[in-house]
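Residue numbers (the numbering used here), protein chains in the order written: chain A, 1 to 611; chain B, 1001 to 1611.
Hints in this document: simulated from the structure, not taken from any laboratory.
Just so you know, even glycine gets a beta-carbon here, dropped at the ideal spot from N, CA and C.
Label-pair distances were calculated between CB atoms; the ranges are:
1. Gly1149/B / Ala456/A: 45 to 53 Å
2. Val1531/B / Gln553/A: 42 to 50 Å
3. Ile185/A / Ala1512/B: 54 to 62 Å
2 protein chains.
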Amino acid sequence: MNHLRELLVGSPLPTHQLSDERLNGVRALAAFSPDALSSIAYANQEIYLGLVVAGAAGLVYSWRIGLAIALLLAIVAFSYRQTIHEYPSGGGSYVVARENLGALAGLVAAAALLIDYTLTAAVSLTAGVAALASAFPTLWDYRVPLALGFLVLITLANLRGLRESGTLMAVPVYFFLASYLTMLIVGAIKMLVGDPRPFAETAPPAVESATTFLILHAFASGCTALTGIEAISNGVPAFKPPQTQNAQRVLAVMAVLMAILFLGSIGLTQYFGITARADETILSALARYVFDDSPFYFLVQTATLAILVVAANTSYAGFPRLASILAQDSYLPRQFSLLGDRLVFSNGMMLLAGLAGALIVGFGGDTHALIPLFAVGVFIAFTLSQAGMVVHWLRLRGRGWPLKALVNGIGAAATTVTLVVVSVSKFLDGAWMVLILIPVGVWFFLTIRSHYRQVAIELSLRGAVPDPTPMPMPRIVLPVSGMHRGVYHALRYACSISNNVTAVYIEISPGAADRLREQWAIWGQDVPLVVIPSPYRSVVGPLLEYLDQTDRQYADGQLASLILPEFVPAHWWQNLLHNQTAWLLKLALLYRRRRSGTFRAIIDVPLYLRK
Amino acid sequence: MNHLRELLVGSPLPTHQLSDERLNGVRALAAFSPDALSSIAYANQEIYLGLVVAGAAGLVYSWRIGLAIALLLAIVAFSYRQTIHEYPSGGGSYVVARENLGALAGLVAAAALLIDYTLTAAVSLTAGVAALASAFPTLWDYRVPLALGFLVLITLANLRGLRESGTLMAVPVYFFLASYLTMLIVGAIKMLVGDPRPFAETAPPAVESATTFLILHAFASGCTALTGIEAISNGVPAFKPPQTQNAQRVLAVMAVLMAILFLGSIGLTQYFGITARADETILSALARYVFDDSPFYFLVQTATLAILVVAANTSYAGFPRLASILAQDSYLPRQFSLLGDRLVFSNGMMLLAGLAGALIVGFGGDTHALIPLFAVGVFIAFTLSQAGMVVHWLRLRGRGWPLKALVNGIGAAATTVTLVVVSVSKFLDGAWMVLILIPVGVWFFLTIRSHYRQVAIELSLRGAVPDPTPMPMPRIVLPVSGMHRGVYHALRYACSISNNVTAVYIEISPGAADRLREQWAIWGQDVPLVVIPSPYRSVVGPLLEYLDQTDRQYADGQLASLILPEFVPAHWWQNLLHNQTAWLLKLALLYRRRRSGTFRAIIDVPLYLRK
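Chain A with its partners taken away, still in its complex shape (with noise of 0.2 Å):
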């Protein structure tokens, strides 16, 4: 088991190896954008399913689509660039909201980002499966299991620590980037050579007509190309210094990229007239149209599959980082707060490998399915982060503050008005999971903290003066089965603790305890042995019954502890074949509830058996 366990995860690390490591222009691009630059994949893609049922007359909407959320990326980008100047050490939507705006705004926030971290691994790598099931159309039958395998693949790699996982990364980004800006160059030599072919030519025919509502959920399907923007936001304290002009300028550059790739493949999709089959996606439709189905094009759809891996990999940092956060604030269980043998917060990535596996399982691995949910938790988490900006700069009234905050709060009204568009016309699609969970996750971020502070106070010491007095000798009782070795040894241990032991014997048929009380006479140690018959053959109640019935009798303001011998079978399946009365026992004592300050002790006692 442990074997197994260092082979695929590494073998543990002190914590003084935990060091901060800065990243200079180059490797901070690669470690930020690929969720970023990754999103175009399946935001094209969004648009296309949206229009494409409305035939030639939805698709040709492709192009003022891109150009809006182009114009939705520049407003965002902007906004984002004063938020890594005013936190340096990292304003990820939590901490603007929480500062900002109030706990409350924090939590929602939060809980958005959670399920966003969690949405962007299964949305890339369900995506990045169909880019690959794309070129290899026998593999679209196969997307689910090759979706988890990928999963568990990255899983693997991000508990064996950052370090090695961060430099695995670099690779796929810049070869996404080149053969993208490949594709769309010799995309644009054969716009200046060929001629265009209207969609009206190679569309399907419609099957819905390309209302006003339509266009819309097309363009809220679309504004997943922003995802990941807010990344360089998060992790400011990881770049070179000067560290926030470093962080803007990656951030600039990012746009960019972002924008050129974008609006370069709608834009030849829209010149070109280009289709997709039901098992291929509109990008590799794309690659197909402009590499000839070379080699080339197998490369395209190689490079679009890694850095929707990697992308799914950069949930890695940001969900288990927040967890341990909101952790540390006693809003989620403490032990998502504890770094792992590996320096990394392990229980954070293990629940986020399980919520995207199910997401991914539950959705059929159905990128499309998936969006909807996506999209609404992007737009909460950016709406709150860049309304708190707009507080923030009311509050602070620095030099050029109307300005700034004037920035900031278009940025707040674009993503308000596309979050009610994404909120409405994503609703019955599956939108409305995420507006229900979002209060659910406050609601339990609330009532795990309200429980951490009811044990501080029970567990306090403040007040209290040490009782000078010793703890009288407890009493003792000894529940037998019959007198067999691992009785033996638990009266003998009773023996040597306290000179007050009882042993029980709860006597279901009639008769049963002659033979013990012979056998007791030889190795009872002179304890005394009282029988109870239970003609309702319960152990546990009777058993029950006499504790409290003696704790009356004493009166001495103690409950008796009890010696439970125990079997400890050398296999645990062979756990299932004894009666678990002890078990049983205890967690019956757990659910009696006690008055303060008493308490009954249970002394295990094992006898390891040998086979």
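Assemble chain B onto chain A, guided by the hints.
Showing chain B alone in chain A's frame:
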């Protein structure tokens, strides 16, 4: 929780209420025949489904297959008549095979019987639901939930106790007999006044040809008509005296009724060339034809459903009883031999319900898919029982033994041939599962028995003598995570039972122990506090190492006891919010093997949280 249980299952009953209830002929027929009588419902259906693929050319074999099965029925009935005589205290296949053919044959029979009981429950319920859904086709898609619903109902009825469920049985059995005999009589009258229709006019076109294999396959499926015939031989003690004669008489009546119902219905089906829709059973089609969709038709379907549910119910007597016998012989976990609150073998019933439910779900509520598994087990049990009887006569050589051995020998030969036909023709349809499961079951029985034997040897005090020197006072180690109320209670308890107590703190972040040392000076009762640094952030590992090390230092032949302050949260889910260090520690200790005779006691001191 307890209230709900009491409402569903009833309040506990004392052991002395367990007494035998003796049945007269009429009630005995009702108690033992449902399985046997009702099996004509699925047997007819299976013969039909087996032949209809060959169209009219196949269906014309119905009557001849029916005659062959009726002959087999007569042979088996005569064979069991002798078993009843020789085993008046109950001659189930397990008992007869074990006594005459050896323990291994007994276990094979036991495995086959447990599988049969499970399949009886599953098949009867799915066939009953099919009868219902034939009358109300809208229910056809809900066969799985309906079958599970009936399963839950009969499980609850049986958990309440046999007495109450016994009286429920007579009504549906006689209702079924009355309605089916009426149908046969009305059908016979129609035969006299109406004309035969050959299958050639009504059968759907053939998709296969009527090969010998196809006909043997249909015969093999039809042999499930015999299931349940052995029930009386298991239950002779339940009859009013003279038990043997009464049991034999009821067996004869039952066999004659089975033959009449089976041959009558199959004869009418062939005479009138009845065929059925895909979502209807052949018996439903027959009843519809005979009664022309009048209310009588619905009465017949209701009676079919009712007797099939009662038939499923008979497994709730057989399975738990056999499981308890096997448990008493140490072949199954001891829990199966315990009488529950209501004087029934509740554990066996719940296992049966779980297995039958899994079969219903796993096979999509489809009787036809379950039948291949069913027939094999039944005929293995028949064959072993009959073969056991032959050996019985050869050994006993009482008056007229050659004739008696011949009767059982013919029975054994006939069932063996049928077993081979069934195994081969149904092998790929699912019989292979049973042929694998039976040896697995036997291996399982033998493994369990060898474990119990080993435990008895290890627990035995035979040959040992009481140790006259008392055990020395234990050394006690108290792991502390900080200074709080729970730790303080545990510390005081430890000091009350030993004067050798050490507190141990595992320091994960350097310097964290300083504050604890200050508090320990106030609250520590002069107990030494050992601080152990843990650079790899593990708590359990360093603690186990400390225990091993001090045990080696003392070398006093004992292992230090561990005292663990534990929270008991007010609600179970709150356990998820705490580091389960105590639990992990116990688990780690559990799986470290110890030298025989040494043990490490673990003392739990619970602190009950109020909220």
